[in-house]
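Visitor: Residues per chain are reported as follows:
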Amino acid sequence: AQKITQTQPGMFVQEKEAVTLDCTYDTSDQSYGLFWYKQPSSGEMIFLIYQGSYDEQNATEGRYSLNFQKARKSANLVISASQLGDSAMYFCAMRGNAGGTSYGKLTFGQGTILTVHP
Amino acid sequence: DTGVSQDPRHKITKRGQNVTFRCDPISEHNRLYWYRQTLGQGPEFLTYFQNEAQLEKSRLLSDRFSAERPKGSFSTLEIQRTEQGDSAMYLCASSSGQSVGKDGYTFGSGTRLTVV
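Protein sequences appear in the order of chains A and B. Residues in the first sequence are numbered from 1 upward in steps of one, following this note's numbering. Residues in the second sequence are numbered from 1 upward in steps of one, following this note's numbering.
Some clues are possibly wrong.
To be clear about the criterion: a stretch of chain A counts as covered by chain B if any three or more of its residues have a C-beta under 8 Å from a C-beta of chain B, and this derived list gives those stretches [to be verified]:
1. 41-54
2. 108-116
Rough simulated footprint, nothing fancy, chain A against chain B, three-plus residues with beta-carbon under 8 Å [claimed, not checked]:
3. 37-46
4. 104-111
If you want the ones that stay clear, here's a sample from chain B, every Cβ over 10 Å from chain A, calculated [to be verified]:
5. Asp7
6. Pro8
7. Asn18
8. Ile26
9. Arg31
10. Asn51
11. Glu56
12. Ser62
13. Phe65
14. Gln80
15. Arg81
16. Glu83
17. Asp86
18. Thr114
19. Val115
20. Val116
No lab work stands behind these hints, which were simulated from the structure alone. Note that the structure is a prediction, hence the values are computed from the model and not measured. Where a beta carbon is used, it is the ideal one built from N, C-alpha and C, also for glycine.
This is chain B alone, in the form it adopts within the complex (with noise of 0.2 Å):
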């Protein structure tokens, strides 16, 4: 397992287009969570799934914005009709849930989004 991969790792979009960015956690971990953020700024959660269940949404998440994990393995982020203020880098995280020490959470490399 080579980690959490995301795709793509860059997405440049014209104003209203829909977009959807996958992610795929380490295989046997049941806890995934997405994370956005702007330039200049720490990552702010947006949602958060426990194998298929998607558990929590953060307000961040308006109603443009939908996430599935399907058979509880990878993720995917859509947005719908996206706006300038779209525009940032979406991070993939993953956790076993066991253990939240040094080995509990895996990030990907995260998607930039361009909004034109």
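Here chain A stands alone, though its shape is the one from the complex (with noise of 0.2 Å):
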């Protein structure tokens, strides 16, 4: 069984600093995926960054990165220079095997509501 979790519910940030949301995992997968989704209050789930396991290097989009630590099992967001735009949801969510019994469904975290202050 896959576990995702994102312990901060709430986060605060001002405008242009840096932010960090936390996500842990569980898996007993040896190939696996992690993902960042951003969820307005329109309800879209939006795509921003993506972690392969077996990637050797952090994953970078814009001003998205993602800090992986595989050993310690977890799978950080940092969001540099923040805008008013990005309050909003984030969910952490990971893929088990795909080509395995997990048909490749994704595991949520419940997610952290972030608010920008100006």
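Please assemble the complex out of the two chains, which come individually in their own frames, going by the hints.
Guide: In structure tokens:
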């Protein structure tokens, strides 16, 4: 079974500052993928960044970077230079071995609400 | 292709009524997933289709829930005899299964169900 834990129900950050959203995971799969999604109040899930379990370098996508520490089973999202439009719910998710019985489904954490203050 | 479409966006129904939601995935995607998201929680997996075959169903999918994907294209999720606990956002996602990197999944905007 896979589990994602996001321990921060809410986070606040000042505009233009950086913020780190925590995510820890648990899985018995050797091959897995970790995702971060943003969900604004409108409800759609917006893909932000992906890290494969065998990727040696931390993933980066623009202002988003993923601090992947495999031994500690953590995959924290770092948002640099926060903007007011970053205010939303953020979800960490894991995909198990898509070729196995997990069929590539995602397991999500409970989310962190990020509020960016001007 | 404009992405994954879900219809309706919102549905209000009385307890005990049946409801049906539709998901149109990206045309070349053979994998389709349904998730349920209650307020303030992360989405939970409901069921998975590979082409027209329903390969996995979560324990969350009670006997009142049924999903289909005829011809491996669009999918429908039906809830019979709705209960207030069914109130949630129902999300559909599709993927090609070829890559699960950043292009791996595309989510629809969801159908928000309110049972009164």
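Visitor: A separate judgement is required for each hint: does it hold in the structure or not?
Guide: Outcome of the hint check:
| no. | hint | verdict |
| --- | --- | --- |
| 1 | 41-54 | holds (count 8) |
| 2 | 108-116 | holds (count 4) |
| 3 | 37-46 | holds (count 6) |
| 4 | 104-111 | holds (count 6) |
| 5 | Asp7 | holds (14 Å) |
| 6 | Pro8 | holds (13 Å) |
| 7 | Asn18 | holds (23 Å) |
| 8 | Ile26 | holds (14 Å) |
| 9 | Arg31 | violated (6 Å) |
| 10 | Asn51 | holds (12 Å) |
| 11 | Glu56 | violated (5 Å) |
| 12 | Ser62 | holds (18 Å) |
| 13 | Phe65 | holds (16 Å) |
| 14 | Gln80 | holds (24 Å) |
| 15 | Arg81 | holds (26 Å) |
| 16 | Glu83 | holds (22 Å) |
| 17 | Asp86 | holds (17 Å) |
| 18 | Thr114 | holds (13 Å) |
| 19 | Val115 | holds (18 Å) |
| 20 | Val116 | holds (20 Å) |
Checked against the numbered hints given earlier, this structure breaks hints 9, 11; the rest are met.
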